[in-house]
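Add 2 to the 1-based position in the sequence shown for this note's numbering, that's all there is to it.
If you're looking for bench data, these hints aren't it; they were derived computationally from the structure.
Given the structure is predicted, the values throughout are model-derived calculations rather than measurements.
Treat each hint with caution, since some may be false.
Claimed, not checked - Simulated restraints, written as ranges between beta carbons of each label pair: (1) I232 to N397: 43 to 53 Å; (2) R67 to K342: 51 to 61 Å; (3) C367 to R67: 33 to 43 Å; (4) R294 to G340: 17 to 27 Å; (5) S460 to N483: 52 to 62 Å; (6) V535 to N397: 24 to 34 Å.
Every residue, glycine too, gets a C-beta built ideally from N, C-alpha and C.
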Amino acid sequence: MMEQGRLHLGQCGYSAVLVVAGLLYLLLEHNTTPTLLDDVVYRFQFTASGGLPPEPIQNLGDVLRSQYWHYLTINGRAPAHVLAQTFLTLVPGQVLNVLNALLFMLLIDGGVRLIAPPKEGRVACAALLGGTIFVLLRGFQGALLWQLGTLNYLWPIVLHLFFLLSLRKRLQQAPTLGSTIVLLPVALLAGWTHEALSLPVSLGLVTWLIVNGQGKQRQHLAPAIAAYIIGTALCLASPGIWHRAGDAPTFASRLINGCVAIATNVRILWALMLTLLILWRQKRISKKLVLRYLPVAVMISAAYGIVFASGVTLDRVAFHAEMMTLLALLALWWQTVGIKAMRILGIVMTAVALTLYAPALAMCCQQVDNYRYAVAQMKQPGVSIIQTRDVRPGNTLERIAYERYVMPFADYGFFSCYMGFDAEDSNMRCAASLYDKSRLWFLPEDIVLKMKNNSLSSNKFTTDEGKRLYAIQIGKEQKVNGVEFLLKPEDPASLHFWQRPVAYKGDSYALDDFHWEVLQVAGRHYLVFTRPVTAISRRIDHIAIH
3 MMEQGRLHLG
13 QCGYSAVLVV
23 AGLLYLLLEH
33 NTTPTLLDDV
43 VYRFQFTASG
53 GLPPEPIQNL
63 GDVLRSQYWH
73 YLTINGRAPA
83 HVLAQTFLTL
93 VPGQVLNVLN
103 ALLFMLLIDG
113 GVRLIAPPKE
123 GRVACAALLG
133 GTIFVLLRGF
143 QGALLWQLGT
153 LNYLWPIVLH
163 LFFLLSLRKR
173 LQQAPTLGST
183 IVLLPVALLA
193 GWTHEALSLP
203 VSLGLVTWLI
213 VNGQGKQRQH
223 LAPAIAAYII
233 GTALCLASPG
243 IWHRAGDAPT
253 FASRLINGCV
263 AIATNVRILW
273 ALMLTLLILW
283 RQKRISKKLV
293 LRYLPVAVMI
303 SAAYGIVFAS
313 GVTLDRVAFH
323 AEMMTLLALL
333 ALWWQTVGIK
343 AMRILGIVMT
353 AVALTLYAPA
363 LAMCCQQVDN
373 YRYAVAQMKQ
383 PGVSIIQTRD
393 VRPGNTLERI
403 AYERYVMPFA
413 DYGFFSCYMG
423 FDAEDSNMRC
433 AASLYDKSRL
443 WFLPEDIVLK
453 MKNNSLSSNK
463 FTTDEGKRLY
473 AIQIGKEQKV
483 NGVEFLLKPE
493 DPASLHFWQR
503 PVAYKGDSYA
513 LDDFHWEVLQ
523 VAGRHYLVFT
533 RPVTAISRRI
543 DHIAIH
């Protein structure tokens, strides 16, 4: 009787952890604003030619036609992007927020079920998993808060958890015909969601069939695994993926970017490697353990291989790989570390998460005000240059929270996928069409005010408060063909060891056309261009306009 009471109390505590996590997530998600990165573009139809002018989506038929061309020209994640365009255009935004909160709860619940701690450790496992996702996984805002990101990362990972749990259940008991019929389309859709997730999982499942699958086990799982691999093939068969791969940077640039992506976005992997090293030193890694985890090792290796080879440094690019690693790490810990230690870790991680949550929510709310300020300008007739405001973190804790949990409405960084001052960019064109404008330009408020007040120098380059842009007034007749930074010499021996591999070796650096633009404000002409990366900007001696 007492044992049943403890189990009931534990179940109540577990449910409470999930509900609190879901509510906290919902509050943060509700205060995450749209951005100029794809949120506006996905309200319009993708076409073979790029669509000039863009045609807005008005019904489900438009979504399906749009996604046909998206599959051919962009990537193969058709199920995720059908949902994305449907939710962003045809469904009220709060519906997606609520669904995302429920899926975040399922992410924690599914992860706990896959880790399979003892019943008395489920509360600690849920707290540790949820806290670690919030605190340590890179790309939280881009993968789990940004609405378009949730449909590319949160939804696929939850679908995969359901799929993998279903496979495990089929190992424990003979499947029925009905369960097989239900699982096959789920497997197909799961494989079709995201190539960076489904390709590693496919390789891991095939490895399991070869190494661990025996007799009836193979028969029970083979149909679902085959359907999953077909879904993966459909995702990878997109001509858009291979076209974009062909447009990728050179091998050397991709190699450097891959190293940067691993160095800046990978955290959980190092904890797993340290754990394995300790277990190996303690002679606790047996052949049986190696064979059991070999499929997982294949999945994780393939996932990080994709991160490295992609040449993309966005923080969310490693989300799927880090999530796989986190589940494997916690499963390993539950088998090798006492429950008391796991409870302590759960409490510590929850405390850290709550410490970060308060400033994160405050800055997200401030970002909502900044977003409304920009939207109010876009709605004003005759206004074509939109002044944007940024959230300014005041201390180290706020800076950490800002970088992890706040999505700026407009971004002007050197590595940004768009430039707000380029009215011909597809994001800016769609934003202009959405608000019945012929053109829209986006610039930091302090720069625009200086332009309007004619206080921007014509013989000195001025930066915005965030030090992301340079601006200078130029003559009306002056032609600009390019911007070049002439650099001071730099002794590699004077740099820290981590700066040397990415130090820029040249004596000058020319910006490409993507990073600069000439604008006309109040009858005057201005050149605006991005500030380059630190390895270059710290050496700037002179800026030449050609």
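Tell me, which hint numbers fail for this structure? Failing hint: just 5.
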